[in-house]
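K.L.:
Keeping the supplied structure of chain A fixed, place chain B upon it in accordance with the hints.
The listed protein sequences correspond, in order, to chains A and B.
Just so we're aligned, residue 2 is where the first sequence starts under the working numbering, counting upward by one.
Just so we're aligned, residue 2 is where the second sequence starts under the working numbering, counting upward by one.
Hints listed in this document are in silico derivations from the structure and should not be mistaken for laboratory results.
Treat the hints loosely; a few may be bogus.
[Claimed, not checked] Computed list of lysine-lysine pairs in BS3-like fashion (alpha-carbon distance at most 30 Å, straight line):
id, chain 1, residue 1, chain 2, residue 2
1, B, 392, B, 402
2, A, 300, A, 456
3, B, 99, A, 305
4, B, 305, B, 294
5, A, 300, A, 402
6, A, 300, B, 99
7, A, 300, A, 345
8, A, 99, B, 300
9, A, 376, A, 345
10, B, 423, B, 399
11, B, 113, A, 294
12, B, 376, A, 99
13, A, 7, B, 294
14, B, 294, A, 99
15, A, 294, B, 99
16, A, 345, A, 307
17, A, 294, A, 305
18, B, 300, B, 483
19, A, 392, A, 374
20, B, 113, B, 307
21, B, 7, A, 307
22, A, 402, A, 307
23, B, 307, A, 99
24, B, 483, A, 3
25, A, 345, A, 392
26, A, 99, B, 3
27, B, 402, B, 423
28, A, 99, A, 113
29, B, 345, B, 402
30, B, 376, B, 307
31, A, 483, B, 3
32, A, 113, B, 3
One-letter residues, chain by chain:
Number of protein chains: 2
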Amino acid sequence: MKLRLKRIGIDTARENVAFLDDDDLISHALGLHPLDRIEISANGQSIRAVLNIVEGSIVQAGTIGLSNAAFNKLGVSDNSYVDVAPTESPASLDLLHKKMAGRELTSNDYAKIIDDIVQGRYSKVELTAFVVSMTISGLSDDEITWLTETMIQSGDQLHFGSTIVADKHSIGGVPGNRTTPIVTSIAAAAGLLIPKTSSRSVTSPSGTADTIETLMDVELPAQRIYDVVREENGCLVWGGAVNLAPPDDLIIQVEHALNIDAEGLMISSILAKKKAAGATHVILDIPVGHGTKAETTEKGEHLKQKFQQLGLRLGLNIRVLLTDGSQPIGNGIGPALEANDVIKLLANDPEAPVDLREKSLYLAGELLELTGKSKPGQGRSLAQQILASGKALEKFEKIRKLQGRHEIPPLGSHSLDVLAEKHGQVRTIDNQIISRTAQLAGAPHNPGAGVYLAKHVNDFLDQGQLLLRIYAESDEALTFAKRYWAENASAAIVMS
Amino acid sequence: MKLRLKRIGIDTARENVAFLDDDDLISHALGLHPLDRIEISANGQSIRAVLNIVEGSIVQAGTIGLSNAAFNKLGVSDNSYVDVAPTESPASLDLLHKKMAGRELTSNDYAKIIDDIVQGRYSKVELTAFVVSMTISGLSDDEITWLTETMIQSGDQLHFGSTIVADKHSIGGVPGNRTTPIVTSIAAAAGLLIPKTSSRSVTSPSGTADTIETLMDVELPAQRIYDVVREENGCLVWGGAVNLAPPDDLIIQVEHALNIDAEGLMISSILAKKKAAGATHVILDIPVGHGTKAETTEKGEHLKQKFQQLGLRLGLNIRVLLTDGSQPIGNGIGPALEANDVIKLLANDPEAPVDLREKSLYLAGELLELTGKSKPGQGRSLAQQILASGKALEKFEKIRKLQGRHEIPPLGSHSLDVLAEKHGQVRTIDNQIISRTAQLAGAPHNPGAGVYLAKHVNDFLDQGQLLLRIYAESDEALTFAKRYWAENASAAIVMS
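With the rest of the complex left out, here is chain A (with noise of 0.2 Å):
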């Protein structure tokens, strides 16, 4: 049942699918349906795909055509020939009905279920499956140790050869909070390992990698990494450039969809990833306010108290603060807009955002702390000295220089201006319509386009004064941008 294999080019955003056309002997004679498994090998490697027909000329017959996942994955070059086999579905798929019952999985279970995921076994039904399973069901402490420690061994691990590997994670969801850079300079610049791995966005304006590779590169492979590190302390990377806990993403991709975030998996995510990037001593900021995963106090002090012991059992050494999560941080919102922030911060400017500022140096101090660099209640002036010394932004320039430095490219040149349509004091600022507007104005893939947010809650403006400026580098995606904020511009802001 020999098959030739071509490349099509279709981006399924990694779920393994093959194209066969409907005249085709084999898919008749294996009686295949759209949306069968099948499998594909070659060379001793074999990969399973979802089946999907095609009429006309995507693919002939005789020939069988793979989405990009599919086709990277098997590894073998266009126009070779490969054997094409119906198959069953995942044998982890039993797992699953065993948690679809409420049952409590074991280690080797996980094992099983991430080596399926792993090798693209799964399609998108099955992920699904999972994820939801997961969420109803809930994760016991030791199903949610036994995950992570099964999502850490399925990729490649990070490993730098001291006791002391610092990391920072903010959870998701207050825009602008771009620490990162800012904590990562700081506490290389005292001498503390600090190889900072980020995420690109998912479903924000900007994740930490997006904005950072408008000031340098970030796909480095895990040998520079390494290089950059042992030269400068830290570097900032993109995680997705080494294969870190590769499901995460898959998982993640699912949540989004959903909207849904079950507290087992994704604390089992972040931990993953920490650890597989080689961490030992972790600040992770918990954002508390609406929008963000942790709406209340309580449900902070909850999620606090589980990333704690969850990290002791994981062998990480994890410090967790709560941090106002009520409003966007800093000025900038969107790739280049955040870049912005961040390098003012960085070299002392006067009209850097004071709430990033203040942020950033409390996540540092306590980071030097964590690690034993600064004295209990002196970590915060160790890292102000740091800043404002410029001992922080040489860091960063060295690191910048080192993993390929960018210059940021210039904001969006269509712009609309929202201004104060009275004088009063700003009440509230949501984050998510903040964000949604940033998004649709083109943020992240437009590097230029966001929001520059002028004023922050609390803040006094006189009737015209600007409230905020939406960038975009199309005038249709400012289009975007300007009719959802027409919607939502009452709820997005409130002044009194």
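P.N.:
Just chain B, lined up with the frame of chain A:
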């Protein structure tokens, strides 16, 4: 944001998928990623689709490709200009969250969910989340009633203007269980109105509609169904050609992929299809045995209660019969093989399978009693009399001619005989292994493929006597079936 529409001929099995070129300015401007949701509209029509990003020549920049499902649903001609906009998750996602939290949904909630499914706003991810939530949390009797009523209203409904419209349904899992054409012919010959709609195979080597299609046209529009039924009291058509309870097939597809079968969804699926098809009096055959939906008699009795109660609530007069589902019924498994059994039986051929005959007469007799066409206790003799007199065959041939007669295709020219290895008695025959063998041999896609089962449980064989024969239409397909059979033969048929 106008793009030119292109039907690109990819069959994604009813998922709305849109394809945009990776260089397309609109996808950049909108910051679109693979798997994002977009809304495509033209002429006041709009659909939602999941996005795939494509390199190369499948779609050009400025063009948007749609999967067959999406193209047909939008209903706009090729090369038209369409509007494209990013869109949010379907509104009923909140109701999935409610169900995930273990709460009961209301009638109105189900109406919203089913509307989103019918309108194509659910991708595989939401559809799976719906099915898994229902499976884990279960459905109350109220919920089953509401879901069923909503499903009925979501599609077309047939109306025959009679107070008694007969129907029968056999729950799946038993290969060869092809009683429908026989029961329908007997009932119609007895003067009952029996507009029989059947389904095609989802997981089996032949659905009733697949088997009947080897004998006559089954894809009749509603108007022709009314014509045939007015003329002959009955018909034998594929329910899929009329749009009955359309979300049902999508739900079944996901259940199949996950190998799950939530009781509430199953009951709702069957009742919705019967009621939408216009039935008032239904015989429901629940086979009991390993690998069927009722593995034990207790489970069978439980389902019987449920179906009768819910039937009452929905205004359906249901009589549930628990039958022997422990082994295949008849000799043929696969479209043409089953059609041969049916014709022999209707023609009173002494070689017709006795078990299929007995079961058909039992079901037909119960239906005649339920509808008052015979006195209690005399249904079976009336059915037998109609069959023996040749009136059932006559009725069947009249329906066959009216719908459009086909000749049964020849059996596959590639075959393998499986002979008894020793003298002995058949103890067990495994439904699932026999089904899978027939599928791998090409059934139902190749109508001449399948398994001819020469013996049943308790039959005696001499060494070397024919146990079964596998038919395929190609050597490749026979090879697949042979390979599977070689691995599973010892569990498939146990002799003593």
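K.L.:
Could you run down the list of hints and mark each one as holding or not?
P.N.:
Now for the hints, and whether the structure bears them out:
Using a Cα cut-off of 30 Å, the hinted pair residue 392/B and residue 402/B holds, with the two alpha carbons roughly 15 Å apart. Taking the CA atoms of residue 300/A and residue 456/A, the gap is near 28 Å; set against the 30 Å cutoff, the hint holds. About 26 Å separates the Cα atoms of residue 99/B and residue 305/A, which keeps this hinted pair within 30 Å; it holds. Restraint check: the Cα-Cα separation between residue 305/B and residue 294/B comes to about 12 Å, which is no more than 30 Å; the hinted pair holds.
Proposed proximity of residue 300/A and residue 402/A is contradicted: the alpha carbons are some 41 Å apart, above 30 Å. A distance of roughly 20 Å separates the Cα atoms of residue 300/A and residue 99/B; the hinted pair therefore holds under the 30 Å criterion. The straight-line distance between the Cα atoms of residue 300/A and residue 345/A is roughly 34 Å, outside the 30 Å bound, and the hint therefore fails. Restraint check for residue 99/A and residue 300/B: satisfied, since their Cα atoms lie roughly 20 Å apart, inside the 30 Å limit.
Taken as a hint, the residue 376/A and residue 345/A pair is honoured in the structure, with Cα atoms around 29 Å apart against an allowance of 30 Å. For the given pair, residue 423/B sits about 46 Å from residue 399/B by alpha-carbon distance, which is inconsistent with the 30 Å threshold. A distance of roughly 27 Å separates the Cα atoms of residue 113/B and residue 294/A; the hinted pair therefore holds under the 30 Å criterion. A C-alpha spacing of about 49 Å is found between residue 376/B and residue 99/A, which places the hinted pair above 30 Å, so the restraint is violated.
At roughly 41 Å between alpha-carbon atoms, residue 7/A and residue 294/B are farther apart than 30 Å, so this suggested pair is violated. Taking the CA atoms of residue 294/B and residue 99/A, the gap is about 18 Å. The hint holds against a cut of 30 Å. A threshold of 30 Å between alpha carbons decides the hint, and for residue 294/A with residue 99/B the separation of about 18 Å falls inside it, so the pair holds. Simply put, residue 345/A and residue 307/A have alpha-carbon atoms about 36 Å apart, too far for the 30 Å limit, and the pair is violated.
A distance of roughly 12 Å separates the Cα atoms of residue 294/A and residue 305/A; the hinted pair therefore holds under the 30 Å criterion. Taking the CA atoms of residue 300/B and residue 483/B, the gap is about 35 Å. The hint is violated against a cut of 30 Å. Distance hint between residue 392/A and residue 374/A is fulfilled; the C-alpha atoms sit about 16 Å from each other, no more than 30 Å. Among the hinted pairs, residue 113/B with residue 307/B is consistent with the structure: their alpha-carbon atoms are about 25 Å apart, no more than 30 Å.
Taking the CA atoms of residue 7/B and residue 307/A, the gap is about 51 Å. The hint is violated against a cut of 30 Å. At roughly 39 Å between alpha-carbon atoms, residue 402/A and residue 307/A are farther apart than 30 Å, so this suggested pair is violated. Proximity of residue 307/B to residue 99/A is assessed by CA-CA distance (about 25 Å); at most 30 Å being required, the pair is judged to hold. For the hint linking residue 483/B to residue 3/A, the alpha-carbon distance of about 18 Å falls within 30 Å, and the restraint holds.
Of the supplied pair hints, the one linking residue 345/A and residue 392/A holds, its CA atoms being roughly 14 Å apart against a limit of 30 Å. Of the pairs offered as hints, the one joining residue 99/A and residue 3/B is violated, with about 48 Å between alpha carbons and a cut-off of 30 Å exceeded. Pair hint residue 402/B plus residue 423/B does not hold up; C-alpha atoms about 46 Å apart against a cutoff of 30 Å. Of the pairs offered as hints, the one joining residue 99/A and residue 113/A holds, with about 13 Å between alpha carbons and a cut-off of 30 Å not exceeded.
A threshold of 30 Å between alpha carbons decides the hint, and for residue 345/B with residue 402/B the separation of about 18 Å falls inside it, so the pair holds. For a cut-off of 30 Å, the pair hint linking residue 376/B to residue 307/B stands: about 26 Å separates their Cα positions. The hinted pair formed by residue 483/A and residue 3/B meets the criterion: a straight-line CA distance of about 18 Å does not exceed 30 Å. A C-alpha spacing of about 47 Å is found between residue 113/A and residue 3/B, which places the hinted pair above 30 Å, so the restraint is violated.
Violation of the numbered hints given earlier is confined to hints 5, 7, 10, 12, 13, 16, 18, 21, 22, 26, 27 and 32; the remaining hints are satisfied by the structure.
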